[in-house]
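Chemist: Next come the chains, spelled out residue by residue.
Number of protein chains: 2
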Amino acid sequence: MHRLPPDHYIAGIQAGDRLVLSRAITLVESQLESDQALALQVLEAVLPQTGNAIRIGITGVPGVGKSTFIEAFGKHLTSSGKKLAVLAIDPSSQRSHGSILGDKTRMETLSMDPLAYIRPSPSGGSAGGVGNKTRETMLLCEAAGFEVILIETVGVGQSETVVHGMVDFFLLLMLAGAGDELQGMKRGIMELADAIAITKADGDNAAAAERARVEYQNALHLFPPAPSQWIPPVLTCSALQNQGIEALWRLILEHQTRLTQNGFRDRNRQQQNLDWLHRTIRQQLETRFYRQPGMPERLAQIESQVQKGELLPLQGAQLLLTSWL
Amino acid sequence: MHRLPPDHYIAGIQAGDRLVLSRAITLVESQLESDQALALQVLEAVLPQTGNAIRIGITGVPGVGKSTFIEAFGKHLTSSGKKLAVLAIDPSSQRSHGSILGDKTRMETLSMDPLAYIRPSPSGGSAGGVGNKTRETMLLCEAAGFEVILIETVGVGQSETVVHGMVDFFLLLMLAGAGDELQGMKRGIMELADAIAITKADGDNAAAAERARVEYQNALHLFPPAPSQWIPPVLTCSALQNQGIEALWRLILEHQTRLTQNGFRDRNRQQQNLDWLHRTIRQQLETRFYRQPGMPERLAQIESQVQKGELLPLQGAQLLLTSWL
Numbered sequence: 001m002h003r004l005p006p007d008h009y010i011a012g013i014q015a016g017d018r019l020v021l022s023r024a025i026t027l028v029e030s031q032l033e034s035d036q037a038l039a040l041q042v043l044e045a046v047l048p049q050t051g052n053a054i055r056i057g058i059t060g061v062p063g064v065g066k067s068t069f070i071e072a073f074g075k076h077l078t079s080s081g082k083k084l085a086v087l088a089i090d091p092s093s094q095r096s097h098g099s100i101l102g103d104k105t106r107m108e109t110l111s112m113d114p115l116a117y118i119r120p121s122p123s124g125g126s127a128g129g130v131g132n133k134t135r136e137t138m139l140l141c142e143a144a145g146f147e148v149i150l151i152e153t154v155g156v157g158q159s160e161t162v163v164h165g166m167v168d169f170f171l172l173l174m175l176a177g178a179g180d181e182l183q184g185m186k187r188g189i190m191e192l193a194d195a196i197a198i199t200k201a202d203g204d205n206a207a208a209a210e211r212a213r214v215e216y217q218n219a220l221h222l223f224p225p226a227p228s229q230w231i232p233p234v235l236t237c238s239a240l241q242n243q244g245i246e247a248l249w250r251l252i253l254e255h256q257t258r259l260t261q262n263g264f265r266d267r268n269r270q271q272q273n274l275d276w277l278h279r280t281i282r283q284q285l286e287t288r289f290y291r292q293p294g295m296p297e298r299l300a301q302i303e304s305q306v307q308k309g310e311l312l313p314l315q316g317a318q319l320l321l322t323s324w325l
Numbered sequence: 001m002h003r004l005p006p007d008h009y010i011a012g013i014q015a016g017d018r019l020v021l022s023r024a025i026t027l028v029e030s031q032l033e034s035d036q037a038l039a040l041q042v043l044e045a046v047l048p049q050t051g052n053a054i055r056i057g058i059t060g061v062p063g064v065g066k067s068t069f070i071e072a073f074g075k076h077l078t079s080s081g082k083k084l085a086v087l088a089i090d091p092s093s094q095r096s097h098g099s100i101l102g103d104k105t106r107m108e109t110l111s112m113d114p115l116a117y118i119r120p121s122p123s124g125g126s127a128g129g130v131g132n133k134t135r136e137t138m139l140l141c142e143a144a145g146f147e148v149i150l151i152e153t154v155g156v157g158q159s160e161t162v163v164h165g166m167v168d169f170f171l172l173l174m175l176a177g178a179g180d181e182l183q184g185m186k187r188g189i190m191e192l193a194d195a196i197a198i199t200k201a202d203g204d205n206a207a208a209a210e211r212a213r214v215e216y217q218n219a220l221h222l223f224p225p226a227p228s229q230w231i232p233p234v235l236t237c238s239a240l241q242n243q244g245i246e247a248l249w250r251l252i253l254e255h256q257t258r259l260t261q262n263g264f265r266d267r268n269r270q271q272q273n274l275d276w277l278h279r280t281i282r283q284q285l286e287t288r289f290y291r292q293p294g295m296p297e298r299l300a301q302i303e304s305q306v307q308k309g310e311l312l313p314l315q316g317a318q319l320l321l322t323s324w325l
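Line order of the protein sequences matches chains F and X.
Counted the way the UniProt record's numbering counts, the first sequence spans residues 1 to 325.
Counted the way the UniProt record's numbering counts, the second sequence spans residues 1 to 325.
By construction, these hints were calculated from the structure, which means they are not laboratory data.
Please note that the accuracy of each hint is not assured.
Because identical chains share one entry, a pair is satisfied inside a single copy or across any pair of copies.
[To be verified] Only pairs whose alpha carbons sit at most 20 Å apart, straight line, appear in this in silico DMTMM-like list of lysine to aspartate or glutamate:
| id | residue 1 | residue 2 |
| --- | --- | --- |
| 1 | LYS186 | GLU246 |
| 2 | LYS308 | ASP266 |
| 3 | LYS308 | GLU29 |
| 4 | LYS82 | GLU215 |
| 5 | LYS83 | ASP113 |
| 6 | LYS308 | GLU44 |
| 7 | LYS83 | ASP275 |
It should be emphasised that the depicted structure is a prediction, and the values quoted were computed from it without experimental measurement.
Work out the full structure: start from the sequences and follow the hints.
Modeler: Structure representation (structure tokens):
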């Protein structure tokens with residue numbers, strides 16, 4: 001694939017050129033070794049221009065109305081002149097090469113907004129490789145001048161934990177009437193949320209949404225307090241009627257102000273950087289290990305014995321590691 | 001250290017000889033390479049006698065009354081003839097070599113009960129090495145004929161997630177009056193619990209405990225359902241007045257019966273074995289990597305730059321990995 005010289009990427013990003021930004025993201029996502037060296041060079045050069053955006057993670061199960069919500073939320077931001085980047089982590093994009101945003105009906109208005117930039121972010125192949133290059137993509141968007149970064153994830157795999165580890169504010173979207181729709185949602189995710197928004201709080205659903213809000217608010221009080229001392233509020237919102245959207249944005253700003261003042265935001269970002277370092281090391285070690293020639297066959301055989309209880313996991317690990325070390 | 005021949009360990013364990021069991025656990029916990037080979041041989045030999053116990057994890061912050069609870073719960077089991085092993089994962093034992101149980105006042109009655117076996121389980125040194133050999137110790141106890149294994153953890157580090165991954169039933173102990181005492185409790189832990197028991201539900205505290213029970217029960221209904229379809233109940237108990245202990249045991253038996261019938265218990269154990277295999281591989285890869293000569297110094301330097309945002313985590317990882325690969 002045709003690549004630009006490093007300076008073109010760097011200057012283009014710093015000038016906020018979207019075409020160059022898109023090509024830089026493609027570069028960063030590339031698996032080619034030559035691309036990775038170039039990507040690192042570009043990232044390193046723009047690093048001083050990063051870190052100035054409010055980083056928001058959004059999760060919720062399919063059907064909760066994420067796209068509609070992000071469209072309404074995004075329009076609210078851009079209408080006040082804010083530059084917004086939306087990165088959608090798509091677990092299926094590995095296979096379908098961008099299925100989430102392949103659906104043209106998603107965020108139709110926002111995608112034509114000159115202040116908004118929407119980009120799917122492949123979830124990566126390897127175990128633990130979820131949102132593989134989403135952090136780097138976020139940095140590129142910050143360097144290109146985007147003031148708010150929304151990272152969207154589907155809330156059913158492990159990607160939401162990874163996303164939680166790269167944002168300042170983690171928003172959980174929920175439907176009124178807890179029950180079936182929670183099926184498949186990762187346990188523990190509620191306790192990571194900085195706020196819960198009950199979506200589709202309009203029409204016949206408005207009363208149920210308000211009841212859900214009160215219930216969740218009561219429940220959240222029973223959770224262990226966050227290290228930041230922030231108590232996660234529960235709101236209702238309606239993308240359809242454009243209600244609750246502004247309140248949510250004010251809440252995020254309040255969170256940002258408070259945590260910047262008490263020093264938690266910076267400490268949290270520092271810790272996230274450290275975690276990212278160790279996670280990257282772990283991923284690379286595992287990738288090299290599991291990609292050895294013949295490994296998939298040997299692994300499958302040992303997994304089968306371990307699963308049946310015929311072989312100790314410890315012993316299985318040793319058998320696999322012996323050939324490696 | 002003096003070791004027995006493998007057959008002595010194996011026969012002793014299978015005969016339920018506690019002295020041999022204790023020595024086998026010490027062997028399994030040893031870091032010496034020669035010990036590890038012997039330990040694996042012993043474990044492999046007793047593997048067919050394992051898996052028959054009910055495996056229970058217990059967590060709660062310091063002050064919740066874990067020891068008192070386990071003592072009451074344990075006495076209830078042994079009084080009906082059940083053989084019980086208590087493994088206490090002690091995060092500080094790395095330094096103090098067994099501080100949790102060094103305190104002689106802990107579980108005084110239970111520790112003299114001929115049907116009970118109490119053993120601290122060192123949490124291990126490396127990151128992720130929490131409860132390093134606790135699983136293997138559990139298997140040895142099962143092979144020695146213990147019918148119930150309690151694994152105790154303090155609920156503030158990451159050990160409780162590891163313990164959750166090795167038990168059938170995960171019990172969270174809580175105090176009435178949520179608030180300060182939750183400080184430091186790991187977020188997400190409530191959503192892992194198969195039951196919550198509000199401790200010290202006696203005297204002046206009884207009414208508050210009952211209120212807490214109702215509140216937590218309401219809150220748990222809002223959580224995503226467990227893959228097992230089990231809805232975690234909330235109980236109150238008093239170790240002092242020996243109340244709620246029997247109800248809790250009946251509940252655990254009901255859980256065991258139901259999940260054995262719907263096939264979840266076995267599937268869960270199979271999945272736990274697979275996770276254990278991959279976790280062991282990851283730990284070994286990381287241990288070898290981080291224990292390279294000179295690594296602590298280089299790592300500290302790169303961590304400092306990454307933390308300050310002067311160096312990309314991705315780049316830091318590459319710098320550290322280059323010298324390794």
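Chemist: What hint numbers does the structure not satisfy?
Modeler: Hints 1, 3, 4 and 7 contradicted; others consistent.
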